[in-house]
Amino acid sequence: GENVEQHPSTLSVQEGDSAVIKCTYSDSASNYFPWYKQELGKRPQLIIDIRSNVGEKKDQRIAVTLNKTAKHFSLHITETQPEDSAVYFCASRAPGYSSASKIIFGSGTRLSIRP
Amino acid sequence: DAGITQSPRYKITETGRQVTLMCHQTWSHSYMFWYRQDLGHGLRLIYYSAAADITDKGEVPDGYVVSRSKTENFPLTLESATRSQTSVYFCAISQTGGEAGAFFGQGTRLTVV
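Protein sequence lines, in the order shown, are assigned to chains R and G. Residues 1 to 115 in this note's numbering are what the first sequence spells out, letter by letter. Residues 1001 to 1113 in this note's numbering are what the second sequence spells out, letter by letter.
Here chain R stands alone, though its shape is the one from the complex (with noise of 0.2 Å):
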C-alpha cells in the first residue's frame, strides 16, 4: 500500500542553524504534500503545504521542495529558534478519483533546537 518514508526520526542543531527534514512517498498518484509542527501534548498543526506542480514554497523561515521524479520531498528550516523545538511530520495525499482521498504520514521527526 501507500507509504511514506520519512528521515532522520531525531534531529539536534544548533539554535541559528539550519534543520533539514527529508520524506519519501511510494504513491506516484500524489498531488499534495502538507507538513504538520506537533507540540509536546498538542494536536498536529499544518505549517506548510506544496502541490505537484511547484518545485519549491516559502514562507518566512521554512521552505519546502518537491522532486517528483524521485519521489522526495523535503522541509528545510533556517535560523533555527527555540521555538522550533517539536515533532515535524510530513505527508502526502492523492487525489480521490476512483476511491476517497487519504492523507498518509510519515513516522516524524523530532527537532531539538540547542541554545
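It is worth saying that the hints were derived from the structure and are not from the lab. Note that the coordinates shown come from a computational prediction; the quantities given were computed from them, not determined experimentally. Ideal placement from N, C-alpha and C gives every residue a C-beta, glycine not left out. Do not rely on the hints blindly, as some may be mistaken.
[Unchecked claim] Derived coverage of chain G by chain R (criterion: at least 3 residues anywhere in the stretch with Cβ under 8 Å from a Cβ of chain R; other residues may be distant):
#1 1024-1037
#2 1042-1055
#3 1099-1110
Got chain R sorted already, so can you dock chain G onto it with the hints?
Showing chain G alone in chain R's frame:
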C-alpha cells in the same frame, strides 16, 4: 480550531469493554479521519470518510468500527478493547478530497488496562 471537538479527552477502560470515541465538527467539511498516535509510529490512519454514509479502511482498521450517519459526526468504536489499543487518538477534518490539508481535534488519550 473550535470547529472540531473530540470527546472524551481522557478515557481509561478495561480489556474487553466496548468504548466509543466521539468526533464532532461544526464546519461541514466533507472528509473526516481517525488516526492513532503511538511513539515511534507517527500518525497511522484507522478509518476515513469522504461523506456521510461513505467510510473506508485505513492502515490499521482491525478492532475498530466507524459510522457516519451525519456529516458532522464520526464516532470511532473499539468493539472489545485490548491493551495494544492504548494510544492517543486524533480525529481530523478536511474540506475536500483534493489538495487540502487536514485540521486535527485535540485528541483523546485512551488507556486500556
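Okay, the hints, checked on the actual structure:
Evaluation of the coverage hint for the stretch 1024-1037 of chain G: fulfilled, as 3 residues show C-beta separations to chain R shorter than 8 Å, against a requirement of three. Closer than 8 Å: that is the beta-carbon criterion, and the stretch 1042-1055 of chain G has 8 residues meeting it against chain R, so the requirement of 3 holds. Only residues whose beta carbon comes within less than 8 Å of a beta carbon in chain R count, and the stretch 1099-1110 of chain G has 9; three or more means the coverage holds.
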